[in-house]
Amino acid sequence: MKLIIAIVQDEDAPKLIDVLMENNYSVTKLASTGGFLKSGNTTLLIGVEKEKVDEVIKIIKEFCQSRKQVTTSPSLTTVSSGVYVPYTIEVQVGGATIFVVDVDRFEKI
Amino acid sequence: MKLIIAIVQDEDAPKLIDVLMENNYSVTKLASTGGFLKSGNTTLLIGVEKEKVDEVIKIIKEFCQSRKQVTTSPSLTTVSSGVYVPYTIEVQVGGATIFVVDVDRFEKI
Amino acid sequence: MKLIIAIVQDEDAPKLIDVLMENNYSVTKLASTGGFLKSGNTTLLIGVEKEKVDEVIKIIKEFCQSRKQVTTSPSLTTVSSGVYVPYTIEVQVGGATIFVVDVDRFEKI
Ligand code: NI
Ligand code: NI
Ligand code: NI
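Residue numbers (my numbering), protein chains in the order written: chain H, 1 to 109; chain D, 1 to 109; chain W, 1 to 109.
Careful, some of the hints might be misleading.
Each pair may be met inside one copy or between any two copies, as identical chains are not told apart.
Unchecked claim - Derived PhoX-like pairs (lysine-lysine); straight-line CA-CA distance at most 20 Å:
#: 1; residue 1: K108; residue 2: K58
#: 2; residue 1: K61; residue 2: K108
#: 3; residue 1: K68; residue 2: K15
#: 4; residue 1: K61; residue 2: K15
#: 5; residue 1: K108; residue 2: K68
#: 6; residue 1: K108; residue 2: K52
#: 7; residue 1: K68; residue 2: K50
#: 8; residue 1: K15; residue 2: K50
#: 9; residue 1: K68; residue 2: K52
Treat the hints as calculated values from the structure; they're not laboratory data. Since we're looking at a predicted model, the values are computed, not measured.
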């Protein structure tokens, strides 16, 4: 038995938890903040058989992949020939940090 | 040294923490939600000597045992000879998921 | 790879997280309450290379050392020659509980 501790972005968490539960994985959601990833993040505890670790990590990678989001910043503008042009800025979103630890003993009561 | 990560139902947590502390176990309570168990749950971190793992699990089993609660549902009624009869429904409460992991190093400062 | 689970006092957490991040450690902050330490506390997850465990523990010890704080209690006073004298009371603050667990597998995506 292994315990997967996954720290993911808040916005990726609901979909990921859904998919994991549809695949019959048990997930516990802890609230967490900052550090590993810039914005708010969520820590998940997922207990799985050793043989399932790869599949869970594959699912996390699929739903939490690091990606760029283009967003327009209303506060940053350039003046070009008298016209204010909003900057578009690229923001890195997604990503995950995953720790897999061995479980000595597992009990479900 | 072992670290016991126990996910229990919110309603069972206060009594369990009380009993563990009366037995001189140190308990840290993390907020957690959904997943392993249907309703709100609480994650506890309990650091113990290897020899004490059995006793802690026994205490958790005693205070978090899975049990059925009969409750009347006001929204579900049957009409029997013109009389509204409230349904009684059985709800599963309690239960716990316990992970025991080995601790390489433990420091209390 | 090791996962350091550190439970520290709320008031020591911000400075500690700052210093750890300035030293390029990734920190995830979980909310936690009571138990190991009397007042509100914070649980940190810090993933580090085996060789860095000592340094992280040294930093935690430096910023979370157990110490006495002298505080005046407005509710406790002695009357001495008609003058109310506030009691000063010593409160134990700081302290930390640290678990280091081995990480089977670590992924950052
Ligand atoms: Ni195992
Ligand atoms: Ni040990
Ligand atoms: Ni390792």
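Tell me, in ascending order, the numbers of any earlier hints that this structure violates.
7, 8, 9
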